[in-house]
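S.K.: Input sequences plus hints: build the corresponding full structure.
So for the sequence shown, the working numbering puts the first residue at 3; every next one is plus one.
Think of the hints as simulated: they come from the structure by calculation, not from any bench.
Glycine is no exception: its CB is placed at the ideal position from the N, C-alpha and C atoms.
Incorrect hints may appear among the rest.
In silico EDC-like links for lysine to aspartate or glutamate, alpha-carbon gap of 20 Å or less [said to hold, decoys possible]: (1) Lys35 / Asp57; (2) Lys143 / Glu247; (3) Lys225 / Asp265; (4) Lys199 / Glu211; (5) Lys153 / Glu141; (6) Lys218 / Asp265; (7) Lys218 / Asp185; (8) Lys153 / Glu167; (9) Lys90 / Glu211; (10) Lys53 / Glu39; (11) Lys51 / Glu32; (12) Lys19 / Asp57.
Across the chosen pairs, the derived CB separations fall in these ranges [to be verified]: (13) Arg81 / Ala12: 19 to 27 Å; (14) Ala12 / Asp191: 42 to 50 Å; (15) Leu150 / Thr115: 27 to 35 Å; (16) Asn26 / Lys117: 35 to 43 Å; (17) Arg262 / Ala12: 38 to 46 Å.
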Amino acid sequence: MATIKIFDLASLESICKILGDTDNGLTSTEITKYLSECNISDPELNSTKWKRLYDALSIKQQNDRCANNVIAFIQHVIRPSRHVNNQKWFEDIRTKLNYVLSFEGLEIGENGTFKYISTAKTFSEAEQRAQKLRKSLLERKIHPDVLLFCKSELLVDNYFHAVFEATKSIAEKVRNKTSLTSDGAELIDQAFAFKGKIPYLALSHLMTESEASEQKGFMNLLKGVFGTFRNTTAHAPKITWTINEQDALDILSMISLIHRKLDNAIEPMKIYQGTSLFNPS
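M.R.: This is how it looks when you write it as structure tokens:
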């Protein structure tokens, strides 16, 4: 990457607060380790984690007269191979960082590297985008669980992040209903498969060929949605595929339909185990 202009100090402060967050950020030991590995001096002027980072990175970019080593440090911290056992942390931190970095014209891709972007540069632009999307979805009587993802921080660069987060909510609802702990296609097979077993979730009583076909079709729909929009191993779609407003509306409408189907699903396994509130009589 070419020489990167010095970060605005407000942006750098926000980045350091994300990385040094008390509950979800780096530990003091990790900060010491990563700064050392990136050959960035730690002046140790403050004991607060984010202030330590801010001191070290602000001095470094001032001495370098560019932000290249700040970028290198962030990439070092967020390298995907470092977080294979905690992908949720990686995605949460990356989303928050990208919200700030968008004001610098940069974005961290799912592969952990930076790229230049042309995007909303102000909170008001992102907020206007979020409000417009929310208004359109309300007109479609969208499921309330989907509306939760019409947030400005998810729409600062494009609509993919709103779609991505809304898609993750499907798996979360399936897990909550079934107490299963898997994810993706495995979760769908465990929750909905009914050949020779009692399913955890069913769209109907599965008494006819038509009802069985609907169940199979719904399983394939869920697997398709997961594979297209939230497969964490498929980097290319999220990096190269920009979703526009119309795409987002259509996809979120489909996710809304899925949520309504899940809300109305029968829970045969709980009925069999006698733990369901549903009265089949």
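S.K.: With reference to the structure, classify each hint as holding or not holding.
M.R.: Here is how each hint holds up against the structure:
Using a Cα cut-off of 20 Å, the hinted pair lysine 35 and aspartate 57 holds, with the two alpha carbons roughly 16 Å apart. A hinted pair counts as satisfied when its Cα atoms are at most 20 Å apart, and lysine 143 with glutamate 247 qualifies at roughly 17 Å. The hinted pair formed by lysine 225 and aspartate 265 meets the criterion: a straight-line CA distance of about 18 Å does not exceed 20 Å. Under the criterion of a C-alpha separation no larger than 20 Å, the hint pairing lysine 199 with glutamate 211 is consistent with the structure, at around 16 Å.
Taking the CA atoms of lysine 153 and glutamate 141, the gap is about 17 Å. The hint holds against a cut of 20 Å. For a cut-off of 20 Å, the pair hint linking lysine 218 to aspartate 265 stands: about 18 Å separates their Cα positions. Proposed proximity of lysine 218 and aspartate 185 is supported: the alpha carbons are some 18 Å apart, at most 20 Å. Between lysine 153 and glutamate 167 the alpha-carbon distance is near 10 Å, which keeps this suggested pair within the 20 Å criterion.
Between lysine 90 and glutamate 211, the direct Cα distance comes to roughly 39 Å. Violation of the 20 Å bound is thereby established for this hinted pair. For the proposed pair lysine 53 and glutamate 39, the alpha carbon gap of about 19 Å is at most 20 Å, so the pair holds. The straight-line distance between the Cα atoms of lysine 51 and glutamate 32 is roughly 10 Å, inside the 20 Å bound, and the hint therefore holds. Of the supplied pair hints, the one linking lysine 19 and aspartate 57 holds, its CA atoms being roughly 12 Å apart against a limit of 20 Å.
With their beta carbons about 26 Å apart, arginine 81 and alanine 12 fall inside the hinted range of 19 to 27 Å. Between alanine 12 and aspartate 191 the beta carbons are some 48 Å apart, a value that agrees with the proposed interval 42 to 50 Å. A beta carbon spacing of about 30 Å between leucine 150 and threonine 115 agrees with the range 27 to 35 Å that was offered as a hint. For the hinted restraint 35 to 43 Å between asparagine 26 and lysine 117, the CB-CB distance of approximately 25 Å leaves it violated.
Range check, arginine 262 to alanine 12: about 42 Å between beta-carbon atoms, so the 38 to 46 Å window is met.
Comparing the model with each earlier hint shows violations of hints 9, 16; every other hint is respected.
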